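Chemist: Sequence:
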Amino acid sequence: MNGLPQHPFLVAPIEAINSREYKFASGVVTYVMNKRFQDYTHPLPSSSSDFFTHDIRMVLGGYYRRHKEEHITSYNEWFAVFEKSRANYNRFMLRVKNAYWVLPYRHHLLLQFLTEISVYALCMYGDGYLEAPEIAMLIIFDCLWPSRFFWFVDTIPFNQHWKHLEQYCKNTGRHNRENQLWRANT
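Residues in the sequence shown are numbered consecutively from 1, following the working numbering.
Watch out, some of these pointers could steer you wrong.
[What the hints assert, rightly or not] The list that follows gives simulated cross-link-like pairs (lysine-lysine, DSSO-like), each with its CA atoms no further than 30 Å apart: (1) LYS68 x LYS170; (2) LYS35 x LYS170; (3) LYS97 x LYS170; (4) LYS68 x LYS163; (5) LYS68 x LYS35; (6) LYS84 x LYS97; (7) LYS68 x LYS84; (8) LYS84 x LYS35.
[What the hints assert, rightly or not] Pair by pair, the computed Cβ-Cβ distance ranges are: (9) ASN171 x ALA80: 33 to 41 Å; (10) ARG65 x ASN171: 27 to 35 Å; (11) ASN88 x HIS42: 22 to 30 Å; (12) ASN88 x ASP50: 35 to 43 Å; (13) ARG66 x LYS163: 21 to 29 Å; (14) ASP39 x VAL102: 33 to 41 Å; (15) VAL81 x LEU109: 21 to 29 Å.
FYI, nobody ran anything at the bench for these hints, they're computed from the structure. It should be emphasised that the depicted structure is a prediction, and the values quoted were computed from it without experimental measurement. Using N, Cα and C, we set each Cβ at its ideal position, and we do this for glycine too.
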């Protein structure tokens, strides 16, 4: 398929594309891609996911602003050593995914992962790897889909997880706005 190395995540099953996890991943990657490429579109617009809420979008935007340069530097350091090729792009994305998987789940770690993988897709897309956004969406999906079976098993049902993520983002956003107002007044 397109000369790409065949990894299980490169072909999304139909249940993936119709899932809330894939729609959420699509919203995240499209949102970040539009930060640099305003004309970038995806068949599933970021508004297609009712789970990619305004509060999550705002906190993700903050992570993007704070960490974008750090991720771009990491990307450039990796590809100063390795050739920019489809195989190496895919290895790089898998490296990020595997690093995320070893961590325990925390809302802020999920948001950092979403930002990191999306910024790398942005860089790869800018380098001409047009499949990078779709690969990033599938990697995010690949992390979220199996998680539905073990996140918060003893505490809350999976469907409520998104409400907790949104509440975390509401609280984080409110805290950030209060800090900005305090700094502006001092």
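Chemist: Could you grab the alpha-carbon distance between LYS68 and LYS84 and see if it respects the 30 Å cut-off?
Modeler: holds, 20 Å
Chemist: Regarding the pair LYS68 and LYS163, is the alpha-carbon distance no greater than 30 Å?
Modeler: holds, 26 Å
Chemist: Is the distance from the Cβ of VAL81 to the Cβ of LEU109 consistent with 21 to 29 Å?
Modeler: holds, 26 Å
Chemist: Would you check the hint for LYS68 and LYS35, treating anything up to 30 Å between C-alpha atoms as holding?
Modeler: The hint holds at about 11 Å.
Chemist: Given a hint of 22 to 30 Å, does the C-beta separation of ASN88 and HIS42 actually sit inside it?
Modeler: holds, 24 Å
Chemist: Assuming the hint says 21 to 29 Å, is it satisfied by the Cβ distance from ARG66 to LYS163 or not?
Modeler: Distance hint for ARG66, LYS163 holds at roughly 25 Å.
Chemist: Compare the distance between the alpha carbons of LYS84 and LYS97 with 30 Å, and conclude whether the hinted pair is satisfied.
Modeler: holds, 19 Å
Chemist: With 33 to 41 Å as the target window, see if ASN171 and ALA80 comply at their CB atoms.
Modeler: holds, 39 Å
Chemist: Can the restraint linking LYS68 and LYS170 be considered satisfied, given a maximum Cα separation of 30 Å?
Modeler: holds, 22 Å
Chemist: Hinted pair, alpha-carbon criterion (30 Å max): LYS84, LYS35. Please report holds or violated.
Modeler: holds, 23 Å
Chemist: Evaluate the given range 27 to 35 Å for the C-beta pair formed by ARG65 and ASN171.
Modeler: violated, 19 Å
Chemist: Is LYS35 within 30 Å of LYS170, Cα to Cα?
Modeler: holds, 22 Å
Against the hints set out earlier in the document, a violation occurs for number 10 only.
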